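Just so you know, the protein sequences line up as chains A and B, in that order. Start counting the first sequence at 3; every next residue gets the next number (this note's numbering). Start counting the second sequence at 833; every next residue gets the next number (this note's numbering).
A hint or two may mislead.
[As the list claims (entries may be wrong)] Subject to a maximum C-alpha distance of 30 Å in a straight line, what follows is the list of computed DSSO-like cross-link-like pairs (lysine-lysine):
1) Lys-208(A) x Lys-847(B)
2) Lys-879(B) x Lys-151(A)
3) Lys-204(A) x Lys-847(B)
4) Lys-879(B) x Lys-862(B)
5) Lys-204(A) x Lys-862(B)
6) Lys-862(B) x Lys-151(A)
7) Lys-879(B) x Lys-858(B)
8) Lys-204(A) x Lys-879(B)
9) Lys-33(A) x Lys-858(B)
10) Lys-208(A) x Lys-879(B)
11) Lys-208(A) x Lys-969(B)
12) Lys-858(B) x Lys-204(A)
13) Lys-208(A) x Lys-862(B)
Treat the hints as calculated values from the structure; they're not laboratory data. Quantities reported herein were computed from a predicted structural model and do not represent experimental measurements.
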Amino acid sequence: MRVSVLSYLSDLRPKDLFSLSDEQAMLRVQKENDPRAFSLLVRRWQGRIQQLCARLTGDVHRGEDLAQEVFMRVFAHRNDYRGEASFATYLRRIALNACYDEQRRLKRRNEGSLKHNNPENTFNAALEASTLSPEMAAARQERAELVRKALFRLADQYREVVILRHYEGLRFREIAEVLDVPQGTVQSRMAEALTQLGRFLKPILKEETH
Amino acid sequence: MNHPNREEWMAYLYKEVGRKRQAELKEHLKLCSQCQADVTAWRSVMKELDRWRLPERRGVSKVRWDIKWAVRWTAAAVLLIFAGYAVGRITVAAPPDLEQLQLALETTLEPAIRQNVIRELNRDWRLALANSHLRLKDELSGQFRRELNAYTLHTLAASNAVTNELLTGLIEAINTAQAQDRRWVAAALEQTELNRLRDRSQFINGLETLAAETGDELLRTRQDFAELLVYTPPSAVVPNESDN
C-alpha cells in the first residue's frame, strides 16, 4: 500500500493546529481521527513520556519502546478518554500502566527483572565521559548505578512517587491525580521512600559526610 | 513542642507550601534537633537522587527554536548583503563585482540555507512518517475489519447451508416416520374392520340360529297347547256306556 507523503507535507503547518491545547487536540483525534492533531500530541509529549518510562523501567532503550507503545495505546483507546482528567494525567496513567505491564511480562518470561538492567542503558556514560576524566566519569557512573539500584529496591508505590516528584517535577497534587489517591498519601509515600532510600544509601551517604 | 508531620516536611522540601508556612517551618527547624536530623537526611537523599541522570534529549521544541533562529539569521544575512549591495551600487561608480557578490552569497547563505532545509526536511519527513504510520495503521485496521466481516459472512453462509441440509434431513426423517405411522394406522384400522365384519357375521349367524331355534320351540309349544286343549282327563269318561 502506498501512502502519499506529499499530501501530508502540503498541510503540515496550519497555525491553528499549534494553538490547540492537549485536550482539544485529543478531542480532534477522538472525534475526527485527525492524524495531524495526534502527531502534535506525540511531538509535545514524546520526550517526557520516554523519560518517564526510562525512569520507571531503569532502561533508556526500553523507555523509548514503551513510549511508542503508550502513544499506540492512546490512539487505540482514543474513545476511552472522557476529559475528566487533563490529558497529561491521562497520558501518565497510561505510561505507568504500560511500564508495569512490561515489568510483569518480563517477570513471566524470566528474562530478568527490571531491577537488573544493563547499566550501559541506564544513563548517559558518553555524556559523562565527554566532560570528565575517565576516572571521574567511572566513579560518577558507579554512584549513579548505586542510586538506580537503591530506587529499584523500593516498592513500586514508593518508586513511582519519587520518580514523578523528584525527576519529573510533578507537584504532589498532580501525582495524586495520576495515581488516583489522596495528596496526603502521596506525600506520606514520598517521606517513606526517602527514608528507605536513606537506609539503602547509608554507606555512600556516610562516606560523603566523612 | 508540636512537630510538623512528615507530609508537611515533604511539601516544605519540594517548596509546595506557602511563604508564611515555609518561614514557620524554617524557624521550627532551627529549634528542633529531631526534625533537623530528619530533614537533613532527606535532603542528602534528594541530593543523591540527582546523580542518576538520563541522557538529555534534544526536544522538538528546541529544534523548532533553532529553526526559528536559523531563519532569522538567514533573513538578517540576506538583508545585510542586499543593503551592502545597494550601498555599494549607490556609492561606487564602478560596476559591482558580480563574482565577488556571488561568492559572498554562497559562503554566507548557502550553509545556513542548506542546514535549514535539511532540518526542515528532517522534521517534515519525520512528521510525515508519523502520519503515514497512523494512516497505515488505520487502513490496516479497516482492512482487517473488512476481512473479518467477509470471513464472518462466509462462515455464516456455510453454517446456514449446513443447517439447511440438516433441517432437510430432519424433515425427511419426520416425513418417513409419519408415512410409516400412517401405514401402521391403516393396517390397524383394516384389521379392526376385518374383525368387525367377522364378529358381525358371527353375530348374525348366532341370531339366525337363535331365531330358528326359537321358531321350533314356539311350534312345539303351540302343539303342546293344542294337545292340552283336546286333552280329556280320564275321569270324564261315561261309565255307563261300558256297562251297557
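Quick rundown of the hints versus the structure:
Pair hint Lys-208(A) plus Lys-847(B) holds up; C-alpha atoms about 26 Å apart against a cutoff of 30 Å. For the proposed pair Lys-879(B) and Lys-151(A), the alpha carbon gap of about 16 Å is at most 30 Å, so the pair holds. Taking the CA atoms of Lys-204(A) and Lys-847(B), the gap is near 25 Å; set against the 30 Å cutoff, the hint holds. About 21 Å separates the Cα atoms of Lys-879(B) and Lys-862(B), which keeps this hinted pair within 30 Å; it holds.
Of the pairs offered as hints, the one joining Lys-204(A) and Lys-862(B) holds, with about 24 Å between alpha carbons and a cut-off of 30 Å not exceeded. Between the alpha carbons of Lys-862(B) and Lys-151(A) the distance comes to roughly 34 Å, so the proposed pair goes past 30 Å and is violated. In summary, the hint linking Lys-879(B) to Lys-858(B) is supported, as the alpha carbons are separated by about 19 Å, within the 30 Å threshold. A threshold of 30 Å between alpha carbons decides the hint, and for Lys-204(A) with Lys-879(B) the separation of about 13 Å falls inside it, so the pair holds.
Distance hint between Lys-33(A) and Lys-858(B) is unfulfilled; the C-alpha atoms sit about 51 Å from each other, more than 30 Å. At most 30 Å may separate the alpha-carbon atoms for a hinted pair to count; Lys-208(A) and Lys-879(B) meet this at roughly 14 Å. Taken as a hint, the Lys-208(A) and Lys-969(B) pair is broken in the structure, with Cα atoms around 54 Å apart against an allowance of 30 Å. Of the pairs offered as hints, the one joining Lys-858(B) and Lys-204(A) holds, with about 25 Å between alpha carbons and a cut-off of 30 Å not exceeded.
Proximity of Lys-208(A) to Lys-862(B) is assessed by CA-CA distance (about 23 Å); at most 30 Å being required, the pair is judged to hold.
Checked against the numbered hints given earlier, the structure breaks hints 6, 9 and 11 and satisfies all the rest.
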